[in-house]
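A.B. asks: Just need the whole structure built from these sequences, with the hints factored in.
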Amino acid sequence: MTEPMKKTPLFDWHKAHGANIVEFGDYLMPVWYASARAEHLAVVSQAGLFDTSHMATLRVFGKDAYDLLQWCFTRNLDACVGKDLAPLTDGKCVYGLFLDEHGNAIDDSIVYKIKDREFMVEVNASMGGPVARHLMEQAKGRDVTVIDLTDKLGKIDIQGPASIKIMAKVLKDPGAVYEKLPYFSAKGHFDPASTLAGQAQMLDGTPLLVSRSGYTGEVGFELFVERDQTVKLWDAIMAAGAEFGLTACGLAARDSLRAGAVLPLSHQDIGHWPCIHNPWPFALPFTPSGDGFTKAFLGSAALDKAADAPYTLTFVGNDLRKVEAHGARVYLDGREIGTVLTCVTDMAIGRHEGRIYSIATPDKPAGLAIKGLSCGFIKVGSRLAPGTAVEIRDAKRAIQVLIETDVRPDRTARKALKTFM
Amino acid sequence: MYPSDVKYTKNHEFIKSLGDGTAVVGITSYAQEALGDVVFVDLPEVGATFGAGDEFGTVESVKTVSEIFMPAAGEILAVNEELEAHPEFVNEDAFGKGWMVKVKLAGALPADLLDAAAYAALVSEESH
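Here the protein sequences line up with chains B and U, keeping their order. Numbering follows our numbering, with no gaps: position 218 of the first sequence is 218. To convert a position in the second sequence, counted from 1, into our numbering, add 1000.
If you are wondering where the hints come from, they were derived from the structure by calculation, not from laboratory data. Hints are supplied without guarantee of correctness; some may be wrong.
[Stated by the list, open to error] With a cut-off of at most 20 Å between alpha-carbon atoms, the simulated SDA-like pairs for lysine to any residue come out as follows:
1. Lys364/B <-> Gln46/B
2. Lys371/B <-> Val1065/U
3. Lys232/B <-> Ala16/B
4. Lys371/B <-> Glu1084/U
5. Lys1063/U <-> Asn20/B
6. Lys1063/U <-> Asp255/B
7. Lys15/B <-> Ala1034/U
8. Lys396/B <-> Phe1069/U
C.D. replies: Below you can see the structure in the form of structure tokens.
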């Protein structure tokens, strides 16, 4: 039996604006409008707007909600915020993983503490049901309720340095919203009945949950709103953003931006192998010395014994040419050593005398032509030092790439909001 | 909507005969739209010879890397060197500035090439 594909509230807008539509998860989503390249560059230099209503949102609440998440989620909710590892307090959110008992990734997630005994769990497209079932199975007698809110919500991401000025035109009292809103924190609520709903609103009073996060490496917000209000919010942001070069963006730009920001795509870069040796150690509750975890959690016993698990490493090519990741292999000195997980082109970067520059790099050499570099992730049997040259091959071509620790430099996600006002 | 002075392949290349035994080859406007932003075009050396249907290069877009095939047998007389700096010409003007190679034809154009009407029918079928 084939279920019909789902549409977000913005589907008609995407069609009317020339989007190329693809199937992603259970959804029909825009992959690009006029130009994925222009969309990618807009987010790095101005701002882009993404329909992310296909993402799934769970409400996890009750006396034992904290307990359940502390067992199932990889971050230690008592010690995960900032360099000092402060507890997750109201209005803060944190990125981590849901693992199975083998230490394999079920999905990655951002967990929000809304208030005492009340959490919001953001997972990937089509993962609301599976993660909700997983949490309920693990709940076993705990006093906790998990509700999948996905079909009741719309979600829009605005990303890029102009996002701050643009949302200042959309929000009622933006100064109050922006005050003390560091990276990975949130204000407001999408539910008009919530006591938090007054914290962040559109000019007409429509309540929003404004989260200072995203999937591009650039500064901006993820906005959660009641489903029926999604189109109104989108239109208001597009109108406010016209003077700042705001560009509607599809999934292709989202994919190339996140790879340039060294962020994983769930079920592609993390998945059915122990989630331990990868560029995302911050997703696990390592002790400061890195030789153990600060808590026991579902999957931690398996990870403790996963010394021989594969290594996921970041690579960057020497020009913009890429390979088809699916089925592509990795070679070191002619010997096959692994597979390619992601290979895309970050159109905003280029190499010059061994250094990677972004179009946003302040001290980039005058006249440097930035045409893009291929980048992504490989999975191999052992660690390779940064700078190691490997070859990745698909059926059509072989390209030389270098193991790197970072991809697109001078990203803005963590900079203070006042920098952009 | 497709120029009538060129012939088309089912793989979405076009060939425009210049009447002096030479022809210009590229990909169609439909092909560039399906590919999305063209970011790199890999073309053969001048002097290389190809049979009809032979792969003569690749077009890389944000989406994928696609082979391109010769609509007719011939020898490469010139390649569009502007595409190295401006691959977007393929998107902007597939039948004009986005041309890829000029060939000296080895003989008559193959009989199975499509005219504009037949190509438009093929495209309309594929996009449904």
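A.B. asks: Next, verify each hint and record whether it holds.
C.D. replies: Do the hints match the structure? See the list:
no.	hint	result
1	Lys364/B <-> Gln46/B	holds, 18 Å
2	Lys371/B <-> Val1065/U	holds, 17 Å
3	Lys232/B <-> Ala16/B	holds, 16 Å
4	Lys371/B <-> Glu1084/U	holds, 11 Å
5	Lys1063/U <-> Asn20/B	holds, 12 Å
6	Lys1063/U <-> Asp255/B	holds, 11 Å
7	Lys15/B <-> Ala1034/U	holds, 15 Å
8	Lys396/B <-> Phe1069/U	holds, 14 Å
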